[in-house]
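K.L.:
Heads up: the protein sequence lines correspond to chains H and S, in order.
Read in the numbering used here, the first sequence has 199 at position 156, and its numbers run on one by one without any break.
Read in the numbering used here, the second sequence has 597 at position 203, and its numbers run on one by one without any break.
Fair warning: there could be bad hints in the mix.
Label pairs and their computed distance ranges (CB to CB) [stated by the list, open to error]:
| hint | chain 1 | residue 1 | chain 2 | residue 2 | range |
| --- | --- | --- | --- | --- | --- |
| 1 | H | D162 | S | S594 | 43 to 51 Å |
| 2 | S | L794 | H | P107 | 41 to 49 Å |
| 3 | H | E240 | S | R720 | 18 to 26 Å |
Simulated crosslink set (DSSO-like; lysine-lysine; CA at most 30 Å straight-line) [to be verified]:
| hint | chain 1 | residue 1 | chain 2 | residue 2 |
| --- | --- | --- | --- | --- |
| 4 | S | K693 | S | K711 |
| 5 | H | K176 | H | K270 |
| 6 | S | K734 | S | K749 |
| 7 | S | K732 | H | K176 |
| 8 | S | K490 | H | K176 |
| 9 | S | K800 | S | K693 |
Which bits of chain H does chain S cover? Going by a derived footprint, with three or more residues having C-beta under 8 Å, they are [claimed, not checked]:
| hint | region |
| --- | --- |
| 10 | 90–103 |
| 11 | 107–120 |
| 12 | 137–146 |
| 13 | 153–167 |
Hints in this document: simulated from the structure, not taken from any laboratory.
Even for Gly, the Cβ is constructed at its ideal location relative to N, Cα and C.
Listed below, chain by chain, are the residues.
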Amino acid sequence: MVKLLERLSTGASGRGRWRASRAGAFVTSTIGALVLTGCGDFSFGPPHTQEAVRSLEGVKLIHPAILNSADPMAFGQPTYRLDDQTRLLLRFESLNEYASAIATGGTHRIELLLYPTGDLVLPEGLRICPVAKNWMMLATWRAAHPFGGDGPWLAPGGDFHPEGCQEPVLDTGDAPEEALVFDLSAWYRDYPEAREENFGWILLASNPYEVFGETSSSRSPRVRFDKYVSL
Amino acid sequence: MLKSILAILFFVAAISSAATKVGNGDDGSDLENLQPVTSGKLLDSRGAAVSLVESLNVRGIPGLGTLTAEIQNAPLFLSENDISSAETGWEFGAGKVFARTFATPHAATRFFPASLQLSKAQLIALHVHEALHRSLPPGIRENERIVGEITLAITTPDTTHDQVSNVVQHYLPKNKNESQTGKGYDQPSEVGYGYSHFFSGGTISNYSVSSLHSIQSHLYPFGSHQVPFGMGLNLSYLGTSSGGQMGPLGVSLRFRVWSSRGFDVGLWAEASLNTLSAEELKQSPFGRDMITAGISFRKDLEFAYVENRVSISSGGKATHDLGLIRYHYDYGEVINVKLKAGTRLGPIHLGAYAKLHLANYLRVNGGAFNYDSGRFRVFSVGPEIAYRGESGGASLFGRLLVDSTKGADFDYLGNLLGVGVGQGSVGVSTWLNF
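Could you put the whole structure together from the sequences, leaning on the hints where they help?
P.N.:
Encoded structure:
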């Protein structure tokens, strides 16, 4: 390496010195890059994340009186009115597409946002619970889906794990989209990550409560999470 | 006397219009001095002959349909003089002729005095023999050996219907112009209408399917009488909870074969094409095309029928939009096996069938939902009451799902036109043959 520098510097005085300085810089930076990359996972700090918000695709109303599995009033609505006999199945159907990019742990959260049609106050008796059985948009009060002998819910009204239920907090956020926020971080860890299951959630209300539906442009049920992005 | 003259004139006319070979070697030289038979052993023995053939139900034997009438209604004449002959056979004995007839329908039987010496059993056989000359199909009615064999089969003590039928079928000519009750198809083409009402049908769709109307036309312009070949069209219309809409269109190729053992064999291939628009397709998991090919074997007995039918239906795909999610349906191949049997009371058929569908799979995927049934079966039974006349008919039928794996029903087969939907159906159909 030294001899190379010497040879380059013994050329014509001006040109030789110019060549030597270029070569030196090149060699130095090359050596530096090799050393640094050889040190393993090189980063200048924590990975970059960016907040992402995605609307839920899977939204299905179930009620004992809705017998038609494809009743048009049970999905595709601007609002849904809930009560102790009316529940809402919710699922982020595309979760699998973002699984590798969702940041978890530390301060990262994955949250469900629901927008009430009335005043933003914390309702009593409103909670979401993780659904325990795979369902589809033909779900009813009695069955998660119409296929096979395991289509019916074990208990009418939907199968869910009560120990995983979450109550909302208020998120004034960026006005005017004020929402009820449900922390799904534990759910994400326990179901999609641990069990590779995404059966979504069921929204239960002890008292009448109305929320915006999936056809609302800015207030549809949605998930919010931190997504890894590349620089 | 007048009757004799008329009879003679009748015979002369018959001779002049008949084939060149007259009856059993009869040249009509005995047409003189004929007296109609009005009483006596010749009439008594004819009555006994009629009773004999009726007890054997020869009307139901192909080729002997008119034998009873020929025995019963043919005029009987007695000649005054015997005729000598060196021939031997049923009509001959001791150098004399017992009886003669012309081998044409409705001709008279001419007895000779020598026949009055015969026993009652011999006279019965003679009546049968002469009537066979007139009632059997052309080509064999003048063959003394064949007519004699059949006479023997009928008059042998303790003979049975089946024994007579076997002998007759052995000698019947095998050609294209045989009747439908024998071999071949006189009127294979068919147009008709059918209606089915489904129970709990199409619940996996955006709308429930409650009924299906179909108009079908199966024409056989090609091939032969025994092997017709043609095509069929089947237009359908669905009754649903959201009103009516066009159902699948069926286009088929059909091939029928009448076997030498009396089986009606059918081959068909049918394409069931969905007629839904792109928008309508999204609202139904049944909007797919499929092809079914199969073979059927049917045997019609005197008082019963049996039919076996085997077919295979192709797999296919369909999409179904529900809200913001598109579900993809993937239907696997299906093997269909049907066994039908029943009893026949003339044109009335009373029967039942059992049908098994063995399907490869049904897979449904959409969003985060996926379902794979794996192989499954759907087993159904049903009654069938039909009237099948020569020119058409009608039927009432039912289909009831009695067993299936994994909670499957007819929706899983995605075959609206073939098996319908839901838990079963009842229906009616009517058709014309030509």
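K.L.:
Given the proposed pairing of S/K800 with S/K693, does the C-alpha separation stay at or below 30 Å?
P.N.:
Given that 30 Å is the threshold and the Cα spacing comes to 36 Å, the pair is violated.
K.L.:
Taking 43 to 51 Å as the stated bounds, is the beta-carbon spacing between H/D162 and S/S594 within them?
P.N.:
About 44 Å separates the Cβ atoms of H/D162 and S/S594, which means 43 to 51 Å holds.
K.L.:
Taking beta carbons only, do three or more residues of the region 90–103 of chain H come closer than 8 Å to chain S?
P.N.:
holds (count 4)
K.L.:
Given a hint of 18 to 26 Å, does the C-beta separation of H/E240 and S/R720 actually sit inside it?
P.N.:
The hint (18 to 26 Å, Cβ to Cβ) holds, given that H/E240 and S/R720 are roughly 22 Å apart.
K.L.:
Are at least 3 residues of the region 153–167 of chain H within less than 8 Å of chain S when you compare beta carbons?
P.N.:
violated (count 0)
K.L.:
Quick check: do three or more residues in the region 137–146 of chain H have a beta carbon closer than 8 Å to a beta carbon of chain S?
P.N.:
Holds: 3 residues of the region 137–146 of chain H have a Cβ under 8 Å from chain S.
K.L.:
Check the hint pairing S/K732 with H/K176 against an upper bound of 30 Å on the C-alpha distance.
P.N.:
violated (38 Å)
K.L.:
Count the residues of the region 107–120 of chain H whose CB lies closer than 8 Å to any CB of chain S, then report whether that count reaches three.
P.N.:
Held - the region 107–120 of chain H has 6 residues with a Cβ nearer than 8 Å to chain S, which meets the minimum of three.
K.L.:
Is S/K734 within 30 Å of S/K749, Cα to Cα?
P.N.:
holds (9 Å)
K.L.:
Within 30 Å, alpha carbon to alpha carbon, are S/K693 and S/K711?
P.N.:
Judged against 30 Å, a Cα distance of about 37 Å means the pair is violated.
K.L.:
At the C-beta level, are S/L794 and H/P107 separated by a distance inside 41 to 49 Å?
P.N.:
violated (29 Å)
K.L.:
Need the status of pair S/K490, H/K176: alpha-carbon distance at most 30 Å?
P.N.:
violated (99 Å)
Checked against the numbered hints above, the structure violates hints 2, 4, 7, 8, 9, 13; every other hint is satisfied.
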